[in-house]
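A.B. asks: Read off the chains here:
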Amino acid sequence: MKVTVGWSHRRLADAVRAWLSLSILLALVCGTVPIWGNEYLMDTVTTFLIVSAMVVAWQTFMGNSGIVSFGHVAFFAVGAYLSAILTIPPEIKEVALPSLPPMFQQVQLGSIATVIAAATAGGVVAVAIGLAFTRMEGNAMGIATFALLVMMYSLILNWESVTRGGRGIYAVPCNVTLTSALIALVVVAGVALLFKASPTGLRLQASRDDPLAAQALGVHLMAVRLAGWVLSAIIMAAGGSLWAQTVLAFGPSSFYFRDTFNMLAMLIIGGQASVTGAVAGCALVTVISELFRYPERGMTIGFIQIPELPGLVHLVIALLIMGTLILRPSGLLGSRELTFPAWQWLRTLKKRRLI
Amino acid sequence: MQALSGVTLELSESTILGLIGPNGSGKTTLVNIITGVLRPDAGQVFVGDIDATGWRPDHICRLGVGRTFQIARLFGSLTVRENVEVGVMARPEVDVDDRVMHLLDRFSLTQWASTWVSDLPYGVERRLGIALALGIQPRFLLLDEPAAGLNEEESDQLLSMIRGIREDPEFRCGILIIDHDLRLIFRLCDSVHVLSEGKTIAEATPQEIRRNQAVIESYLGKRYEDEDAELR
Amino acid sequence: MTVELIVQQVINALSRGSLYALLALGLAMVYSVLGLMNFAYGELVTVTGYTMWFLMVRGISFPVAAVIGIVAATVVSLLTELTAFHPLRRASFAAILFSSFAVSVIIQNLIRQLISPRPRGIRIPAALDEVVRLGPFYIGVLSLVTFALSLAVMILLVAFLQRSRWGIALRAAAADFEVARLVGVRANRIIALSFVISGLLAGIGGVLWVSRIGGMTPSMGLTPVLRSFIAVVIGGLGTLRGAVVGGFVLAFLEVALHVLLPSWARPFIDALSLVVVVVILYISPEGLIRKEVEA
Numbered sequence: 007m008k009v010t011v012g013w014s015h016r017r018l019a020d021a022v023r024a025w026l027s028l029s030i031l032l033a034l035v036c037g038t039v040p041i042w043g044n045e046y047l048m049d050t051v052t053t054f055l056i057v058s059a060m061v062v063a064w065q066t067f068m069g070n071s072g073i074v075s076f077g078h079v080a081f082f083a084v085g086a087y088l089s090a091i092l093t094i095p096p097e098i099k100e101v102a103l104p105s106l107p108p109m110f111q112q113v114q115l116g117s118i119a120t121v122i123a124a125a126t127a128g129g130v131v132a133v134a135i136g137l138a139f140t141r142m143e144g145n146a147m148g149i150a151t152f153a154l155l156v157m158m159y160s161l162i163l164n165w166e167s168v169t170r171g172g173r174g175i176y177a178v179p180c181n182v183t184l185t186s187a188l189i190a191l192v193v194v195a196g197v198a199l200l201f202k203a204s205p206t207g208l209r210l211q212a213s214r215d216d217p218l219a220a221q222a223l224g225v226h227l228m229a230v231r232l233a234g235w236v237l238s239a240i241i242m243a244a245g246g247s248l249w250a251q252t253v254l255a256f257g258p259s260s261f262y263f264r265d266t267f268n269m270l271a272m273l274i275i276g277g278q279a280s281v282t283g284a285v286a287g288c289a290l291v292t293v294i295s296e297l298f299r300y301p302e303r304g305m306t307i308g309f310i311q312i313p314e315l316p317g318l319v320h321l322v323i324a325l326l327i328m329g330t331l332i333l334r335p336s337g338l339l340g341s342r343e344l345t346f347p348a349w350q351w352l353r354t355l356k357k358r359r360l361i
Numbered sequence: 357m358q359a360l361s362g363v364t365l366e367l368s369e370s371t372i373l374g375l376i377g378p379n380g381s382g383k384t385t386l387v388n389i390i391t392g393v394l395r396p397d398a399g400q401v402f403v404g405d406i407d408a409t410g411w412r413p414d415h416i417c418r419l420g421v422g423r424t425f426q427i428a429r430l431f432g433s434l435t436v437r438e439n440v441e442v443g444v445m446a447r448p449e450v451d452v453d454d455r456v457m458h459l460l461d462r463f464s465l466t467q468w469a470s471t472w473v474s475d476l477p478y479g480v481e482r483r484l485g486i487a488l489a490l491g492i493q494p495r496f497l498l499l500d501e502p503a504a505g506l507n508e509e510e511s512d513q514l515l516s517m518i519r520g521i522r523e524d525p526e527f528r529c530g531i532l533i534i535d536h537d538l539r540l541i542f543r544l545c546d547s548v549h550v551l552s553e554g555k556t557i558a559e560a561t562p563q564e565i566r567r568n569q570a571v572i573e574s575y576l577g578k579r580y581e582d583e584d585a586e587l588r
Numbered sequence: 005m006t007v008e009l010i011v012q013q014v015i016n017a018l019s020r021g022s023l024y025a026l027l028a029l030g031l032a033m034v035y036s037v038l039g040l041m042n043f044a045y046g047e048l049v050t051v052t053g054y055t056m057w058f059l060m061v062r063g064i065s066f067p068v069a070a071v072i073g074i075v076a077a078t079v080v081s082l083l084t085e086l087t088a089f090h091p092l093r094r095a096s097f098a099a100i101l102f103s104s105f106a107v108s109v110i111i112q113n114l115i116r117q118l119i120s121p122r123p124r125g126i127r128i129p130a131a132l133d134e135v136v137r138l139g140p141f142y143i144g145v146l147s148l149v150t151f152a153l154s155l156a157v158m159i160l161l162v163a164f165l166q167r168s169r170w171g172i173a174l175r176a177a178a179a180d181f182e183v184a185r186l187v188g189v190r191a192n193r194i195i196a197l198s199f200v201i202s203g204l205l206a207g208i209g210g211v212l213w214v215s216r217i218g219g220m221t222p223s224m225g226l227t228p229v230l231r232s233f234i235a236v237v238i239g240g241l242g243t244l245r246g247a248v249v250g251g252f253v254l255a256f257l258e259v260a261l262h263v264l265l266p267s268w269a270r271p272f273i274d275a276l277s278l279v280v281v282v283v284i285l286y287i288s289p290e291g292l293i294r295k296e297v298e299a
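Protein chains in written order, with the numbering used here: chain A, 7 to 361; chain B, 357 to 588; chain C, 5 to 299.
Please note that a few of the clues may not be correct.
[What the hints assert, rightly or not] Partial list, derived from the structure: chain A residues whose beta carbon lies under 7 Å from chain C:
1) Ala134
2) Ala146
3) Pro313
4) Leu315
These aren't lab readings, by the way, just hints derived from the structure by calculation. Backbone N, C-alpha and C define an ideal beta-carbon position, used for all residues, glycine too.
Using the sequences and the accompanying hints, generate a full structural model.
C.D. replies: This is the structure in structure tokens:
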């Protein structure tokens, strides 16, 4: 029984073009950020890049398989906590996490090694969970990921010796810069686009549209779903690792409903089936969050007094989601990826044998 | 309630076998069992020498069994080209793009290549369904009511398409056709298998079937007499 | 482990189970008719609680506030169907599921904005706070009331479902929506009815819930919906009877684990009951959607 399958060069070429377009756009936008000299802006953009990477990770599974996953923050958590343990200086670990096994107590890795470790851990956990989950029928798996979310949160909250429970982890060294975050997102986007164009990716998309017809064409449902699940988890954990090394201190509440909701919102609004959509959705939600953060605290515009409006940001985002689901369910970008008009123009020239 | 009982069907390469019978006689159930969608309580499915009884559908598919569905099942969010790619990608030894273009061409789908499946006219959908199944280069092709909803002219086109598949050296597959369009079946098939209420009541050449009293009584009835008059 | 202890715990479990069963019924009601696992269901409990608080700080008595709270939950439930779920009737399973998530966030934050963003306490009538002694056993009056009220409501519901025209139509729709429509059941009305009943059950359960806890926070809705969800899955994939059974099973499971497990393991009880859910989902051959068949 053969397992290897063939690539379509056409799809591959399209994916590379989309990747280049997206990367150039991101580089241009991020390149202007240091000019403003605003520390807050730099931090926000860096976080945006990393969160985008995680939303892309989420997209890799959800967009291609059509199975909703409520539990992906579990991999985010694995990446974040493992990275914290691996990068916090041993002196601090002695005080903050005294009951860690000696091997972890004494180690302190650099950022790249940590990210790789986190990604591997995410992959391993995903394989274990995925072997059970991907065997379920599509909708049942969606519900099971919800259980995963709650289970992981409960685990983090209570496994005090490793996570410090509700007190949270701190003193993670800052190893991530705007540039490294940008590179990370570019790499992640490349991997995601490559997967989408790959035979496995296409077959996963086929299984999303019609599992029975896909099987009739030789698609092994469990195998393709597992592939998407594990790849997505690996990227998610890597993103979590970078995130930990940017925010430097965090607690279990970052890995529960609020953040699940935020990231899913970005994915749904931007377009589940598109990598560019994931990034675009993240950008849009980030901008809106920043915009509405001010009225949330209450402010005065001229002589108009706006009272404190708690939860305004979330309310607006939730309304946006409902709007998207009702009016434009495939999201802003649907399944389209970014291509500059320049590429189309080049292609037309080639067709007409002018170049 | 038994859907099928004691039915034995044999399909060889480069033969076209017709499967007919009134609604509810178990035809689609039989196809579902052969392709692994349903598991038989008794009996076996062999593909060549291999006992594939109870195997998963995709597993059986990889032995070389392709099928279409009564209502065309296509991949709604993908383009026509991508739909064909799904099947073709299962054969690693070919150049995917070339093969896809070839198939699109063969089934007059090239103009639709970049169209979303949801925007296709009915006839194109059906052609695409067959093209998909052929993408995996099956040894055996099962067509579930390919002529449903087609008028006489379209049915003739379908006839020549299927004949073309049989005669084309690159496909070389055994074909099983389920349909109610007796005109199509009798003109196309080398042999016809008749099911009624889950049991085989006859298997023979089209001419013999037409003369078979049991078949006429249980199934063809008045409709046959009209059809037959038409055919003469 | 004395007999007394066991009986005491059984009493606890019965009371808790009846509340879970009541709440699970509300969730299962919508699920069995529509196939929607309504994530926003938990917010109905929050709505009940905060409505009661809002009224009680303005001097309204507990019983009246409770009734108004129940009405509020019912109204909100119906509203969510009319504004959010109705337009998404044809959407995919994932889309509807996610929309119920969004609706839950919307309701939660509206409560934060319009009523109060802070945790609040409420004072239940002294009578409910008392404890009754039956031989060696202590039973809180509230627990008794919870058990009795839940049972009464469930019996009434059963009567409604079996005797009244609408009830029978609802059961038919829950069993097979398409067939029910074919015999003339009005789809939208039945769906609306299921949301109304769901809201009613959430409201009554909500009154009991906040009385038990003695207060509320805007995010309190998570626990009831989680419990109801686990109960529904354990009890058998969305049937109404299953929800009741699941509610009691879950309560007994929780109480048993609480007693049997060492104290360091107790916080993991939540995670454990979810593992049970995952196992059930894994084993169940048809997944969660009974009406769709993948072949």
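A.B. asks: Decide, hint by hint, whether the structure agrees.
C.D. replies: Each hint, compared with the structure:
no.	hint	verdict
1	Ala134	violated, 12 Å
2	Ala146	holds, 4 Å
3	Pro313	violated, 9 Å
4	Leu315	holds, 6 Å
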